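Number of protein chains: 2
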Amino acid sequence: MAEDKLFEKKISRRQMLKLTGAGAAGAAIGVSGLGGLLNVFGMTAEDDNPESKNKVNFYGTHQSGIITPVQTHIYFASLEVLVKSQAELKELLQQWTPMAVRLMNGEPIGEVSSNGFIPAKDTGEAGGLDASGLTLTFGVGPSLFDKNELGLSSKRPAELKDLPHFPKDQLDPAYTGGDIAIQACAEDPQVAFHAVRNLIRAASGKVRLKWSQAGFNSFPEKNKKRETPRNLFAFKDGTSGPDAASKKAMNDVVWVDKGWLAGGSYMAVRRIQMHLETWDRTALSEQEATFGRHRETGAPLSLKNELDEVPLDQKDASGEPVIPVDSHVRLAKEAKAQIHRRSFSYSSGTMDATGAYDAGLLFISYQKDPQQFIAIQKSFGRADKLNEYITHRGSALFACFPGVQKGSYIGESLFKTL
Amino acid sequence: MAEDKLFEKKISRRQMLKLTGAGAAGAAIGVSGLGGLLNVFGMTAEDDNPESKNKVNFYGTHQSGIITPVQTHIYFASLEVLVKSQAELKELLQQWTPMAVRLMNGEPIGEVSSNGFIPAKDTGEAGGLDASGLTLTFGVGPSLFDKNELGLSSKRPAELKDLPHFPKDQLDPAYTGGDIAIQACAEDPQVAFHAVRNLIRAASGKVRLKWSQAGFNSFPEKNKKRETPRNLFAFKDGTSGPDAASKKAMNDVVWVDKGWLAGGSYMAVRRIQMHLETWDRTALSEQEATFGRHRETGAPLSLKNELDEVPLDQKDASGEPVIPVDSHVRLAKEAKAQIHRRSFSYSSGTMDATGAYDAGLLFISYQKDPQQFIAIQKSFGRADKLNEYITHRGSALFACFPGVQKGSYIGESLFKTL
Chain U
416 MAEDKLFEKK ISRRQMLKLT GAGAAGAAIG VSGLGGLLNV FGMTAEDDNP
466 ESKNKVNFYG THQSGIITPV QTHIYFASLE VLVKSQAELK ELLQQWTPMA
516 VRLMNGEPIG EVSSNGFIPA KDTGEAGGLD ASGLTLTFGV GPSLFDKNEL
566 GLSSKRPAEL KDLPHFPKDQ LDPAYTGGDI AIQACAEDPQ VAFHAVRNLI
616 RAASGKVRLK WSQAGFNSFP EKNKKRETPR NLFAFKDGTS GPDAASKKAM
666 NDVVWVDKGW LAGGSYMAVR RIQMHLETWD RTALSEQEAT FGRHRETGAP
716 LSLKNELDEV PLDQKDASGE PVIPVDSHVR LAKEAKAQIH RRSFSYSSGT
766 MDATGAYDAG LLFISYQKDP QQFIAIQKSF GRADKLNEYI THRGSALFAC
816 FPGVQKGSYI GESLFKTL
Chain B
416 MAEDKLFEKK ISRRQMLKLT GAGAAGAAIG VSGLGGLLNV FGMTAEDDNP
466 ESKNKVNFYG THQSGIITPV QTHIYFASLE VLVKSQAELK ELLQQWTPMA
516 VRLMNGEPIG EVSSNGFIPA KDTGEAGGLD ASGLTLTFGV GPSLFDKNEL
566 GLSSKRPAEL KDLPHFPKDQ LDPAYTGGDI AIQACAEDPQ VAFHAVRNLI
616 RAASGKVRLK WSQAGFNSFP EKNKKRETPR NLFAFKDGTS GPDAASKKAM
666 NDVVWVDKGW LAGGSYMAVR RIQMHLETWD RTALSEQEAT FGRHRETGAP
716 LSLKNELDEV PLDQKDASGE PVIPVDSHVR LAKEAKAQIH RRSFSYSSGT
766 MDATGAYDAG LLFISYQKDP QQFIAIQKSF GRADKLNEYI THRGSALFAC
816 FPGVQKGSYI GESLFKTL
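Keeping their order, the protein sequence lines are chains U and B. If you're matching positions, the first sequence starts at 416 in the working numbering and goes up one per residue. If you're matching positions, the second sequence starts at 416 in the working numbering and goes up one per residue.
Okay, chain U solo, but in the shape it has when bound (with noise of 0.2 Å):
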């Protein structure tokens, strides 16, 4: 601990020095001012940084991640709080805060080339790696709020507490839960990892990894522009959401209106086994009526289009629904609920002896009510013949802060008087 704090005083100072070396600006923000927080690592706050390439600006009214087009890799962490007062956790989000800046600006988090008998302030695989779109999104779970000594509990909101237990669920414990998350998403595997494995170090002793998933999305172009990836079964699947371009919609859809989450968002996170070599002995007609789609289009059965309204209530020739009751998108529709997904794929290794592969999604969704969730999930209830294919095996919600405007730091308003 004393040591720790010596090697803080270090840094702090090299820092200074190599700030008033770079520039007054610096050097005023490092010795006045806004300071004591932004400075805590010998950073400033600044997300200007001309040289910064494919950089997703941090400062906002809404987190990063959320409805930023969704990217080509992510590194989910849930992460357990270590720390015992609100003091501290409050401290973890402010040192979080001028960190999450540099890393979606591609910077490091500290000097790289120090040759000082100390550990790098940056663990430093990504140098030479721009800041490749990498978005950084905050969330705390249901959890955090029964810590009796982070006296957080009158903070929880009604809505946020465990999802409830669905059919066919097989949740392992390994994979659910936590108290904080950080959605690290980016165009590359190793930035994404780095920004979370730096945060995880720099609240040595205050945060544990619980789990976590790594994953991807891989988009076919067409005129340079990229179209809905497919999910592992090869479907385009969720594509009926709302259009994340509209401001009306993602107030309807995703954005909490009221409290201290207001500009946040709830997310659900479902680690969703899909079982390959099941699928891959079924017809192709019984995949397609499985989820309602073409497979090769995307299209609603009987239509041309990905984006072709879903006809729920077309019959064919025979008086037969041409969505079958029991498929993936009427049950989704019938919820009369909306989601913003935002998923990836999963795969590497096995299951077992069997050699069954340890692949599928990481389904994430963001809404402003976690009911809207679970209305879908009921309605796939025991009925949705996807179910034939897929279990269930990890899940979480957590509530998604609002985002940050300059001066301020992640999570503020939790910790705000209201």
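Just so you know, these hints were derived from the structure itself, not from any lab. Just so you know, these numbers come straight off a predicted model, no measurement behind them. Be aware that a few hints might be false.
Each pair may be met inside one copy or between any two copies, as identical chains are not told apart.
[Unchecked claim] Straight line, CA to CA, 25 Å or less: simulated DMTMM-like cross-link-like pairs of lysine to aspartate or glutamate:
no. : residue 1 : residue 2
1   : K637      : E602
2   : K621      : E564
3   : K639      : E522
4   : K499      : E692
Could you slot chain B onto chain U? The hints should help.
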């Protein structure tokens, strides 16, 4: 089984009709000469698809994926063979050959849009993605030659045996060995996985997935050229290997020059856990002394450029070698052996309840004789300072076949009487 046959027959018919429709050349191949083999799946083995983007050629003196510049993603699969005769094994490799050609062309292995009441030929999740630089590399492990029913024991090269136990090895059977390896590398993770999945699916009942590992490389770019990727310790390791563009160097280091394996190579695979938490608490100077290189530039200690020759004999002012006696690069050099490295990082999930990252290196190297790899590993022995930060958890050795000529098939030389 009977159903399977029927299925084959149906597909062949459908494909034949399609070929006939598409053009006489295709049809000619379908019904005559070259034939039976290449048409097992109603495919031609043509690799000259002018529409194929980002394609690596399948045919050649050597297999792809050995001296092909390393890609951003890998899906490595180690398989157990279930077939009970040499003829069946040969058939399997014959069956895989035209599939591999199509996969590397970025084509589905068969029709994708059938509405027939049969499983689609291709699993489809690479639909719309291009060839993405896919390479497929096939090899056979020592255990294959132990299977009496395959009658291959006389063909076993003396060099092909399990790697010896090295100090600090803690091998997990779940990541060790295998009868057949498929190394699928591409610029896209879904393309790499899709290839392995479809090869295994087509070989249902003939092979079983024993273990697999996905991985990635993230390349810093300078002037639009890729630089050496950093491992998860942030170092540019193993960069002083032989020049893959030099035919002589590759003949000296990589390509076997005798027996049925002539033109092939031995692939050593090691799943190496990297203890990131311990590493991240270590002073940068200590880390640099561990590798014998500067972290930022990758240059040998005391020098400026990554590719500068390692100054093994140079001493510092106090008479100590500037490249420490227990450094990774010195011990590698002192082995006086060369290997061609082709490694990938991996990181997803946690090892255990302590929250340690399940992260590390999927080390892969090619050499004309496994002794080259063994010599280096023995030189590391107990001395290598890097041992404090890594644990070898998986291990396998494969004899990778020579390249395939048009009209031939993967591994043909193994079945020829020499």
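- Message: For K621 and E564, with the copy left unspecified, which applies at a CA distance of at most 25 Å: within, between, both, or neither?
- Response: within (14 Å within a copy, 58 Å between copies)
- When no copy is named, should K639 and E522 be tagged within, between, both, or neither for a Cα gap of at most 25 Å? between (28 Å within a copy, 20 Å between copies)
- Message: I want to check one pair: K637 and E602. Are their C-alpha atoms no more than 25 Å apart within a copy, between two copies, both, or neither?
- Response: Answer is both; intra-copy 18 Å and inter-copy 18 Å each pass.
- Alpha-carbon proximity context of K499 and E692, limit 25 Å: between (46 Å within a copy, 22 Å between copies)
In summary, the structure agrees with every hint in the numbered list given earlier.
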